[in-house]
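My request is simple: use the sequences and hints to build the entire structure.
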Amino acid sequence: MAERGLRIAALYPEQMNIYADRGNLAVLERRCRWRSIAAEVTAVGLGEKLDPERFNLIYLGGGQDDDQRRCAADLVETKREGLISAAAIGAVVFGVCGGYQLLGRWYELGDQRIDGVGLLDVETVRSDGPRLIGNVAIECHLPGADPSAVLAGFENHGGRTRLLAGATPLGRVLSGHGNDGVSGDEGCRRGNVIGTYLHGPLLPANSWFADWLIATALEDDLVLAELDDQLELGGHRAACRAAGLSGR
Amino acid sequence: MSKLRLGVASIVARAAAAVLRIGGSGGTSAPGKVLLALAPDAIAQRSAALARGCAVISATNGKTTTSTIVAEIMRADGVTLVHNRAGANMAGGIAATLNGQRGDFGLFEVDEFWLPSLVEQLHPRALLLANLFRDQLDRYGELDLIVDRWREVVRSGAGARMVLNADDPLIAGLGADADQPLYFGIEDETVGSTVAQHAAEQACCPVCSAQFSYSRYFIGHLGHYACPNGHVARPTAQITASEIRLRGLSGSSFTLTIGQESFATELAIPGLYNVYNAVAAAALASSLGVSSDKIIAGIAAARPAFGRAETIQVAGRECSIMLIKNPAGTNEVLRTLASDEESHDLLIVLNDQIADGRDISWVWDADFEALAATKRPIICSGSRAVELALRLKYGGVEVERLELYPQLDEALAAALAANGGRLVILPTYTAMLEVRELLVARGVAVESFA
Numbered sequence: 007m008a009e010r011g012l013r014i015a016a017l018y019p020e021q022m023n024i025y026a027d028r029g030n031l032a033v034l035e036r037r038c039r040w041r042s043i044a045a046e047v048t049a050v051g052l053g054e055k056l057d058p059e060r061f062n063l064i065y066l067g068g069g070q071d072d073d074q075r076r077c078a079a080d081l082v083e084t085k086r087e088g089l090i091s092a093a094a095i096g097a098v099v100f101g102v103c104g105g106y107q108l109l110g111r112w113y114e115l116g117d118q119r120i121d122g123v124g125l126l127d128v129e130t131v132r133s134d135g136p137r138l139i140g141n142v143a144i145e146c147h148l149p150g151a152d153p154s155a156v157l158a159g160f161e162n163h164g165g166r167t168r169l170l171a172g173a174t175p176l177g178r179v180l181s182g183h184g185n186d187g188v189s190g191d192e193g194c195r196r197g198n199v200i201g202t203y204l205h206g207p208l209l210p211a212n213s214w215f216a217d218w219l220i221a222t223a224l225e226d227d228l229v230l231a232e233l234d235d236q237l238e239l240g241g242h243r244a245a246c247r248a249a250g251l252s253g254r
Numbered sequence: 016m017s018k019l020r021l022g023v024a025s026i027v028a029r030a031a032a033a034v035l036r037i038g039g040s041g042g043t044s045a046p047g048k049v050l051l052a053l054a055p056d057a058i059a060q061r062s063a064a065l066a067r068g069c070a071v072i073s074a075t076n077g078k079t080t081t082s083t084i085v086a087e088i089m090r091a092d093g094v095t096l097v098h099n100r101a102g103a104n105m106a107g108g109i110a111a112t113l114n115g116q117r118g119d120f121g122l123f124e125v126d127e128f129w130l131p132s133l134v135e136q137l138h139p140r141a142l143l144l145a146n147l148f149r150d151q152l153d154r155y156g157e158l159d160l161i162v163d164r165w166r167e168v169v170r171s172g173a174g175a176r177m178v179l180n181a182d183d184p185l186i187a188g189l190g191a192d193a194d195q196p197l198y199f200g201i202e203d204e205t206v207g208s209t210v211a212q213h214a215a216e217q218a219c220c221p222v223c224s225a226q227f228s229y230s231r232y233f234i235g236h237l238g239h240y241a242c243p244n245g246h247v248a249r250p251t252a253q254i255t256a257s258e259i260r261l262r263g264l265s266g267s268s269f270t271l272t273i274g275q276e277s278f279a280t281e282l283a284i285p286g287l288y289n290v291y292n293a294v295a296a297a298a299l300a301s302s303l304g305v306s307s308d309k310i311i312a313g314i315a316a317a318r319p320a321f322g323r324a325e326t327i328q329v330a331g332r333e334c335s336i337m338l339i340k341n342p343a344g345t346n347e348v349l350r351t352l353a354s355d356e357e358s359h360d361l362l363i364v365l366n367d368q369i370a371d372g373r374d375i376s377w378v379w380d381a382d383f384e385a386l387a388a389t390k391r392p393i394i395c396s397g398s399r400a401v402e403l404a405l406r407l408k409y410g411g412v413e414v415e416r417l418e419l420y421p422q423l424d425e426a427l428a429a430a431l432a433a434n435g436g437r438l439v440i441l442p443t444y445t446a447m448l449e450v451r452e453l454l455v456a457r458g459v460a461v462e463s464f465a
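Protein chains in written order, with my numbering: chain B, 7 to 254; chain Y, 16 to 465.
No wet-lab data here; the hints were simulated from the structure. Warning: the hint list may mix true and false statements.
On the chain B side, residues computed to face chain Y include the following (Cβ under 10 Å) [stated by the list, open to error]: (1) N162; (2) R166; (3) A173; (4) L237.
Once the Cα atoms are required to be at most 20 Å apart in a straight line, the calculated EDC-like pairs of lysine to aspartate or glutamate come out as [to be verified]: (5) B:K55 with B:E20; (6) B:K55 with B:D80; (7) Y:K48 with Y:D119; (8) Y:K408 with B:E232; (9) Y:K408 with B:E87; (10) Y:K408 with B:D235; (11) Y:K408 with Y:E357; (12) Y:K408 with B:D80; (13) Y:K309 with Y:E135; (14) Y:K390 with Y:D424; (15) B:K55 with B:E87; (16) Y:K309 with Y:E357.
A virtual CB, placed ideally from N, CA and C, is assigned to each residue, including glycine.
Right, here's the structure in full:
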């Protein structure tokens with residue numbers, strides 16, 4: 007085992023950052039430090055291999071089409087093995103929007119099929135229909151978390167993602183579009199590997215989920231010290247309200 | 016469409032404008048929409064009737080300020096303008112402007128998304144394309160799409176002289192499709208930085224797809240760049256700003272070079288981003304044949320457009336309103352504030368109406384970390400005030416310094432009651448309109464939409 011604390015690999019932070027992904031990273035890092043848990047974010051860019059022993063949380067954000075194409079090719083070529091090994095030994099792998107799509111089997115863009123890493127059993131097709139845009143809220147069931155816990159954020163994607171047989175969504179759509187606008191599914195989770203379309207960024211206004219990711223990455227039964235989350239809870243209520251949910 | 020039909024339609028539209036004014040709704044584009052419904056080719060007809068033609072300005076950031084500076088220059092040149100100066104820059108606003116004003120030259124800022132169809136109708140003599148940054152992704156989509164649309168505009172050209180920013184690789188890259196484009200830029204490697212700001216665009220060589228390398232970044236991905244494999248480099252700019260001296264919120268001075276001549280130039284609108292707006296305005300005016308002395312006089316006479324670094328006296332204090340709407344623009348506003356010698360009270364207002372962008376994630380891409388080093392309280396307001404406060408908290412601002420007043424009138428009252436020096440208000444677009452309305456009601460600001 008390498009050193010203690012949260013060791014985050016941020017994949018392609020220069021290219022895959024379109025929906026303010028650095029907000030998610032900042033929240034993970036700060037919430038550890040406020041608890042005196044060491045936290046370190048390391049950028050792993052184009053052409054660099056991913057050392058699976060070195061990280062316990064791997065983050066992949068979204069990018070514009072061209073950037074995403076470049077990163078997809080690099081991901082499969084230089085990082086797929088590292089990612090699969092890291093997930094197998096318990097690292098959290100968290101993909102948002104384009105990052106979610108690339109964790110799946112493949113992404114079809116016009117007549118082009120972009121291979122993903124295949125950690126999640128999902129397929130994505132870019133639709134001719136309108137982009138799925140707007141505030142969104144989902145209810146999700148995560149081990150050890152409140153069974154009616156809600157994630158609220160914003161989605162903006164042209165791809166429609168379909169879960170293959172046996173795949174589990176991250177949550178059920180309460181308001182918004184989700185994976186494809188029709189299934190009612192949002193995101194996908196397989197063990198510690200999680201993909202979602204929710205940005206906002208997601209973690210500032212859903213601090214409970216940030217803490218779930220931190221605890222899962224560090225060790226399963228870890229109980230994190232409470233923080234003063236007055237603003238975070240206010241932000242969560244505001245994001246829920248924006249998505250049309252009330253009373254939360 | 017007959018002249019008669021356009022005549023009748025324009026009378027109806029003007030009547031609609033009068034009704035809207037009486038009703039106090041202040042709509043600047045509604046009468047234009049009425050006009051276009053009755054006479055779909057009204058823009059083309061009215062524009063063709065302008066004796067000295069027209070010019071069009073588009074950009075993500077700085078459209079309104081740049082056209083304000085161009086307007087001063089054209090006035091110095093003795094031109095009577097038809098100008099959408101209130102910033103109503105889609106078809107309805109342009110139609111209303113053409114219908115409501117009389118003049119011999121048209122000056123139009125145009126929304127990035129509307130540019131193709133409006134250029135086709137307006138037939139400008141010159142088209143200024145100043146910059147492209149990520150902006151309201153929920154509304155405009157990803158930047159690549161806008162670049163593709165603009166390339167079509169440049170290709171089809173319609174006889175307009177293209178005035179392009181040499182420092183923006185996304186814009187300069189369009190020059191290959193233009194006939195003798197005029198380039199402007201900054202020639203001063205003492206401003207800006209050698210490192211890229213967060214979330215700056217990753218512009219790539221069109222030949223080999225390698226990321227451009229930069230000797231200097233000025234704003235976001237604007238700077239001095241070249242393909243590392245030697246395929247493409249920043250084009251030489253004919254109109255430039257050099258020897259730039261930024262003086263915080265009070266403005267700047269620089270040397271403006273137009274072809275072979277150089278002039279010491281004063282600008283009362285603060286920040287490096289407004290030096291860009293001034294040199295862009297100079298380039299556009301130059302492409303229209305305006306003489307250098309008129310250009311210098313116009314720049315010196317230019318004052319901030321409403322809500323864009325506009326300063327108002329309120330309750331014995333100076334109050335500056337600086338619109339924020341996307342990461343690149345916000346970073347420049349924050350950088351300008353940090354360069355000012357005074358310390359300021361801050362009121363930041365984050366709304367999420369359609370015109371602001373429903374998606375507020377962009378505030379995480381702006382470098383609000385710059386505020387961690389300040390000392391004064393920061394008031395957070397707007398429909399997403401709490402998330403703004405969260406952004407500042409994770410940016411390193413002590414929670415004790417954050418005051419939450421989601422209701423704007425309460426926030427403004429609290430900000431004005433505080434005992435400080437200059438109050439700086441950073442509102443998103445709809446918040447800026449609301450702030451101004453409150454200041455107009457207090458009798459300290461003039462109306463935005465005269």
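These are the hints, each one checked on the structure:
1. Because the beta carbon of N162 of chain B sits about 5 Å from the nearest beta carbon in chain Y, less than 10 Å, this interface hint is met.
2. Given hint, R166 of chain B at the interface with chain Y, is violated; its Cβ is 17 Å from that chain's nearest Cβ, farther than 10 Å.
3. A least Cβ separation of about 27 Å between A173 of chain B and chain Y goes past the 10 Å threshold, and the interface hint is therefore violated.
4. A cut of 10 Å between beta carbons decides the hint on L237 of chain B: the least distance to chain Y is about 5 Å, and the hint holds.
5. Taking the CA atoms of K55 of chain B and E20 of chain B, the gap is near 16 Å; set against the 20 Å cutoff, the hint holds.
6. Restraint check for K55 of chain B and D80 of chain B: the C-alpha separation of about 10 Å stays at or below 20 Å, so the hint holds.
7. Straight-line distance between C-alpha atoms of K48 of chain Y and D119 of chain Y comes to about 23 Å, which puts the hinted pair past the 20 Å bound.
8. A C-alpha spacing of about 17 Å is found between K408 of chain Y and E232 of chain B, which places the hinted pair at or below 20 Å, so the restraint holds.
9. For the hint linking K408 of chain Y to E87 of chain B, the alpha-carbon distance of about 37 Å lies beyond 20 Å, and the restraint is violated.
10. With a CA separation close to 11 Å, the supplied pair K408 of chain Y and D235 of chain B stays within the 20 Å bound.
11. A threshold of 20 Å between alpha carbons decides the hint, and for K408 of chain Y with E357 of chain Y the separation of about 23 Å lies outside it, so the pair is violated.
12. Of the pairs offered as hints, the one joining K408 of chain Y and D80 of chain B is violated, with about 35 Å between alpha carbons and a cut-off of 20 Å exceeded.
13. In summary, the hint linking K309 of chain Y to E135 of chain Y is not supported, as the alpha carbons are separated by about 29 Å, beyond the 20 Å threshold.
14. For the hint linking K390 of chain Y to D424 of chain Y, the alpha-carbon distance of about 24 Å lies beyond 20 Å, and the restraint is violated.
15. At roughly 9 Å between alpha-carbon atoms, K55 of chain B and E87 of chain B fall within 20 Å of each other, so this suggested pair holds.
16. Pair hint K309 of chain Y plus E357 of chain Y does not hold up; C-alpha atoms about 34 Å apart against a cutoff of 20 Å.
Violated hints for the displayed structure, listed by number in ascending order: 2, 3, 7, 9, 11, 12, 13, 14 and 16.
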